[in-house]
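Enquirer: Chain C is fixed; fit chains D, L and U onto it per the hints.
For reference, the chains in residue letters:
There are 4 protein chains.
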Amino acid sequence: MAETLIKVDLNKSPYDNDGVHNRWHPDIPMAVKVKPGDDFILECHDWTGGQIKNDDSAEDVRDVDLSQVHFLTGPVGVEGAEPGDLLVVDILDIGTFDESQWGFNGFFSKQNGGGFLTDHFPEAQKSIWDFNGMFTRSRHIPGVEFAGLIHPGLIGCLPSKGMLDEWNAREKELYDTEPDRVPGLANLPYADTAHLGKMSKDKVPAAAAEAARTVPPREHGGNCDIKDLSRGSQVYFPVYVKEAGLSVGDLHFSQGDGEITFCGAIEMAGWIHLRVNLIKGGMQKYGIKNPIFKPSKMAPKYDDYLIFEGISVDEDGKQHYLDVHVAYRQACLNAIEYLTKFGYTRAQAYSLLGCAPVQGHISGVVDVPNACATLWLPTDIFEFDVKPNADGPVKHVKGGVDLPLAPDKK
Amino acid sequence: MAETLIKVDLNKSPYDNDGVHNRWHPDIPMAVKVKPGDDFILECHDWTGGQIKNDDSAEDVRDVDLSQVHFLTGPVGVEGAEPGDLLVVDILDIGTFDESQWGFNGFFSKQNGGGFLTDHFPEAQKSIWDFNGMFTRSRHIPGVEFAGLIHPGLIGCLPSKGMLDEWNAREKELYDTEPDRVPGLANLPYADTAHLGKMSKDKVPAAAAEAARTVPPREHGGNCDIKDLSRGSQVYFPVYVKEAGLSVGDLHFSQGDGEITFCGAIEMAGWIHLRVNLIKGGMQKYGIKNPIFKPSKMAPKYDDYLIFEGISVDEDGKQHYLDVHVAYRQACLNAIEYLTKFGYTRAQAYSLLGCAPVQGHISGVVDVPNACATLWLPTDIFEFDVKPNADGPVKHVKGGVDLPLAPDKK
Amino acid sequence: MAETLIKVDLNKSPYDNDGVHNRWHPDIPMAVKVKPGDDFILECHDWTGGQIKNDDSAEDVRDVDLSQVHFLTGPVGVEGAEPGDLLVVDILDIGTFDESQWGFNGFFSKQNGGGFLTDHFPEAQKSIWDFNGMFTRSRHIPGVEFAGLIHPGLIGCLPSKGMLDEWNAREKELYDTEPDRVPGLANLPYADTAHLGKMSKDKVPAAAAEAARTVPPREHGGNCDIKDLSRGSQVYFPVYVKEAGLSVGDLHFSQGDGEITFCGAIEMAGWIHLRVNLIKGGMQKYGIKNPIFKPSKMAPKYDDYLIFEGISVDEDGKQHYLDVHVAYRQACLNAIEYLTKFGYTRAQAYSLLGCAPVQGHISGVVDVPNACATLWLPTDIFEFDVKPNADGPVKHVKGGVDLPLAPDKK
Amino acid sequence: MAETLIKVDLNKSPYDNDGVHNRWHPDIPMAVKVKPGDDFILECHDWTGGQIKNDDSAEDVRDVDLSQVHFLTGPVGVEGAEPGDLLVVDILDIGTFDESQWGFNGFFSKQNGGGFLTDHFPEAQKSIWDFNGMFTRSRHIPGVEFAGLIHPGLIGCLPSKGMLDEWNAREKELYDTEPDRVPGLANLPYADTAHLGKMSKDKVPAAAAEAARTVPPREHGGNCDIKDLSRGSQVYFPVYVKEAGLSVGDLHFSQGDGEITFCGAIEMAGWIHLRVNLIKGGMQKYGIKNPIFKPSKMAPKYDDYLIFEGISVDEDGKQHYLDVHVAYRQACLNAIEYLTKFGYTRAQAYSLLGCAPVQGHISGVVDVPNACATLWLPTDIFEFDVKPNADGPVKHVKGGVDLPLAPDKK
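Protein chains in written order, with this note's numbering: chain C, 1 to 410; chain D, 1 to 410; chain L, 1 to 410; chain U, 1 to 410.
Bound-form chain C, shown alone (with noise of 0.2 Å):
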């Protein structure tokens, strides 16, 4: 078995293991260090760092606390790579821990963090999922059942310092423009809760007052939540400093196009195993400037797919210039009302789109004024029909049951 160079204690704060960090900065130290060609293993936190829990209970989502996340396993140094070359990571497997069999996934109060719907879902929302070898199901969500695409929704490596100062700068220019809003335009550094790994403590307060947060993807890759992104991909990442400084967390057991819940996919804690290798000069020779990736052999094959369409005329009936998110946004509403045809309710139906895997295409965006988007929902995930007929559609799910919610404190 290859190495395991990272471990995590699932009962101890991540703010303990030095081998963990939750903020991006080029001067966090190496956490270990690895040779082009190996293979290893490294322990991730959930993303939250076990702030949610396996309960009935969503204040736990509603009160979480996101200036913690994510929860970063590395950075791992590769021996020999420069800023300009890629780095090659082959996702040889992800798996879960034997004591941690369940993930989670929920809705953010609109007052603390929202997410897509959040006009919709503003308050906290919570569904657990339980695992069953390659599958998973939901005491919250009947009626489905289905095999893991399993992924790390966040990996890349450190930014230079020039990258991370273009970052803090147009996302604090975005962010000033509307200050007040909730949730913010931008999550800017946060010094009070970073933990930038082995980074000696006088070297903290000014690394940590500029360290860029973990929540969007970025150049670098990060947080992209890409669901096929999953174990058996094959990565290549640019590389900004020397022995690149590769970190991943927030593992997914399974996640919808678009993670269209924020909280998240279905998050769990769990391992990696990984294998580095490099293209020295790589980016300027395949003019690189985001990762790129190739999929992998092995991910579930749903290939029965009821597909919903969505354009770029909001729930007002608004009209928006070839927005896809407006677009999206309606293809997912469509769906959620047609499952709540079968029983569902809204929540539920909302859940599951962020939960399983469904796909999100950005299908026309030059028909002026509507950009076109389709939610493509597996229709075998589901124990019973869920496609149309002539006779209409049956109510298998008997209701009883229900996501857990929390509301807002006043």
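Hints listed in this document are in silico derivations from the structure and should not be mistaken for laboratory results.
Remember, it's a predicted structure, so these values are computed and weren't measured experimentally.
Be a bit skeptical, because a hint or two may be false.
Intra- or inter-copy, both count: the list cannot distinguish identical chains.
Said to hold, decoys possible - Capping the alpha-carbon separation at 25 Å, the derived lysine-lysine pairs in PhoX-like fashion look like this: (1) 410 - 7; (2) 198 - 35; (3) 395 - 289; (4) 285 - 341; (5) 398 - 285; (6) 294 - 387; (7) 280 - 341; (8) 387 - 7; (9) 318 - 172; (10) 387 - 301; (11) 387 - 398; (12) 201 - 285; (13) 242 - 318; (14) 294 - 341; (15) 409 - 203; (16) 35 - 387; (17) 398 - 301.
Expert: Frame of chain C, contents of chains D, L and U only:
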């Protein structure tokens, strides 16, 4: 063989064919009538009605009269269909005409139509694609051949008067926010070039003045340009008027998600074989607002992809808020840059992304402030190895050929 | 459109068409000539040359003259082809004739041809399949509709004289071990009904007396009846004579692995669009004895299967030694028995296994003394749920229709 | 995590573990008991019980004691199961032991076991495969790496006494037709090495003398070696005794259709996670004699194949009558010959066909006198391009390594 209910003559103007129309209006008379369970064939002009030629000049693309598009075949009246029903359409087959074994793709001038990357490609260009059975290749883009994922870019039922009014109101409102913009924010009704099929001449002026343009997709489906709504699909269309009034056109031999080149996919004239059935009262039964569909069992399997990421930071480094449109544009630009390393011109690469069955996924849409979109490039369409490796790219495309370009007239 | 090099008239006898032949012999003159890189279309009779009709009587199947089969179109001479080369054939497309939108499947009488399950179905029966675009259904087998995996049952190059002699010798040797067997162990040359294309009359008698029958697949490919050698495939054929002499026929709209019903797949007349190229000296370069091929990117995706096992213990409980033929027969009989629980007659089930794209796998062939074969039944071809569940099967097929049967004449 | 009901210690003899047995007999006591709906984990020895080592000598393969195989884990008693029921088994997952990240493949000596191509490879050889997460590669066969299609080679329920007697009678009858054959036509009961789990010592002698060997697949499933019965499959097993008595073993990391090398697939020790349910009276309800199953949604997608044909004319040119065994042997030999052109030894190629997820199809089985079988070689498992082209093959495999061979002792 099923009966061909409406024929077209490619040597005649579509204006001379009253089984054809180019606007949406509830009062367009049914061109033909069928019963539930019937299957039948409709012939279709290409979307421009023959304005683009199989030659090596892009002047026709530059000078196209976009007020004429799209020429649709229909409407087909379905006995017994009433508002609120779902019209179930099986796309049994789609084919080309023996005498027209080619299609076109192009970029409109920014002065006349534009497109997704019009700021990068502001002048008219064109590529011609020859069909060889199920496959196509272009004399303007060497080194690629692929099977067609043939589909109608535009299909749907006539709107009701109320729906038409709603369309016109919301699009006018948007248009008026920036009426001098080029290209315009919306395409408003334009009577001069309207073709309303069999409508009696006395009714035409009033109807033409309010009839909706066919450019955007809308609640009824219409110009969705969804590549996966291909032959073999089963589609459920909302019905808004008595007898439904199904029309179809804008056939594509192949297209990438987004149809980013706008002019457009691989555009072609051809025929489509349909079967219709009804789900009475289906809109309410299933909570349907926009069409839904089941994809085909018969589609080209391109399973090896190279996936490019893009985030919602634009070409100037400006941060946008969860803007999938910007993110997908970056993914496309990243793919174009990559392909130039193998010898393609940027125009060839752009055209290829519009024509080949690339996928565009909305991968992450909640990680404030960056949306993440992915472009999936099928590697098997290339006659050489387009994947990265340690040796760096080889210039397989030797140049000497490019897309013809027609500069804007002064 | 590519040129149609050989046409057939379905209203005339194939004997009147000298672009057609029904035997293999090195001296059959090339019917047409092409160059490497050319693509062209060939029209084909159904394999029996029109003996089977679109009606509800199986008498034509019972009385078929099998000494006439198969009527092939060709040979096509390829400029520059020499013995030892590989002829690379792209199957660009295959289609039906507008005036012949149907195909047939049947079981021969055990007295005249027999088949895989002839001991269970000893008398002639027939099913007719109507084509609806890409799809087919049969008035004799309700409840199923599926897309065609269209392919040539028979394709290959002319044998050399040495190869022909070898074929005749080895088949005669087998035949002579049981010369009175019905059906015979082999089909030996039979001059009376031979059709040798453009061969001059003086040469015909000698050639017809030794020309090989087209029934079995042999080293050159020939009647392989491989369902996956479908349109979109690329095939590498050994060349044995100057100019190769490629012939093709026995088009199938669809077939299951094994073509177990023998008469046969869904048999049809139609056309095939081919492109040819050469690999000089390719037989030795690649060590090729039999054809090899790459399957098509474009094939119907039936991904949900119900898989039946069979072992090499026969219907009488007798143990055979690693006999895959017996094992596959058991798997087929198991599937037939299963389907009767849903209301099908045994004849309907048998015909369905011959027509639908079922897979037949050689699963285990070393576990002495039982071979294990599996039959993969695609469940999506059924209009009802054919999978097992705790409630037991529902008789969705209500009876009232069956395959017509023609008893043997006394 | 589901409970591990039976554990194995790879450092101890399987004979010391009474949750293990190596014969089929109705009176083997249940090792553990579960209820319908339960899921649980069973650990398994490799099929030989540890006789084959991770080293570079094939002497262990040559000297293997095949009278001991296969060591199965179980039987698991299912509460309420009765003869005539169907036991529904979900294979929720399969995995390896951390301390045993490797598997073996080999050819037995013709003197001790033989195999599909034993006349071509009469002496013992071995290849060792290292596991890297989902992937495997062998130090004895360079240039290939692929994901495991992991599955149990052997799984099924205990036979009834009547069924056992039938097995013994029919296999003895076959054996007696050629009792001196090497390898033998069947493996008859052999008491000396029988392991009957928890059976009380006084009952063992009689039972061991009649208990069936585990080598062949039979009506209950057993040693089917079906590669697609992989994790994620749902299997329906006939029940013959009270409480069913489900046993499993012979785990394979990967295997090609036919398991042609006999020793065998990539053989491994590991664990399997199962869930059981019942369909009462299911055998009669569904007409089930042998197990049926639904394949997994989660399997490696190797979609690019090179397909080799074989016909039932043997290596000496002798014609066989519709013999699929001979035809598949020719297809395999054709593939082996082809692979040598890229630098592989014949032994490497043979081993690869036994280990990689190659498909073996029964393509045609009625075209008298030749059966046609096809071997589908997935081209993506190779680290170089293995497809034919006009330039001829390149010797990518440079030699210097081969499968160790152990000559027969004199």
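Enquirer: Taking the hints in turn, state whether each one holds.
Expert: How the hints compare with the structure:
1. 410 - 7: For residue 410 and residue 7, neither the intra-copy (40 Å) nor the inter-copy (54 Å) Cα distance is at most 25 Å.
2. 198 - 35: Result: close within a single copy only, 20 Å intra versus 51 Å inter.
3. 395 - 289: For residue 395 and residue 289, only the inter-copy Cα distance (20 Å) is at most 25 Å; the intra-copy one is 49 Å.
4. 285 - 341: between (53 Å within a copy, 7 Å between copies)
5. 398 - 285: between (58 Å within a copy, 17 Å between copies)
6. 294 - 387: Only across copies: residue 294 and residue 387 sit 9 Å apart there, 32 Å inside one copy, limit 25 Å.
7. 280 - 341: Answer is between: at 16 Å across copies they meet the 25 Å cutoff, but 55 Å inside does not.
8. 387 - 7: neither (45 Å within a copy, 34 Å between copies)
9. 318 - 172: between (29 Å within a copy, 11 Å between copies)
10. 387 - 301: both (18 Å within a copy, 18 Å between copies)
11. 387 - 398: Both: 18 Å inside a copy, 24 Å across copies.
12. 201 - 285: neither (39 Å within a copy, 63 Å between copies)
13. 242 - 318: neither (50 Å within a copy, 27 Å between copies)
14. 294 - 341: between (38 Å within a copy, 18 Å between copies)
15. 409 - 203: neither (38 Å within a copy, 61 Å between copies)
16. 35 - 387: For residue 35 and residue 387, only the inter-copy Cα distance (23 Å) is at most 25 Å; the intra-copy one is 51 Å.
17. 398 - 301: Classified as neither; 28 Å inside a copy, 34 Å across copies.
Violation of the numbered hints given earlier is confined to hints 1, 8, 12, 13, 15 and 17; the remaining hints are satisfied by the structure.
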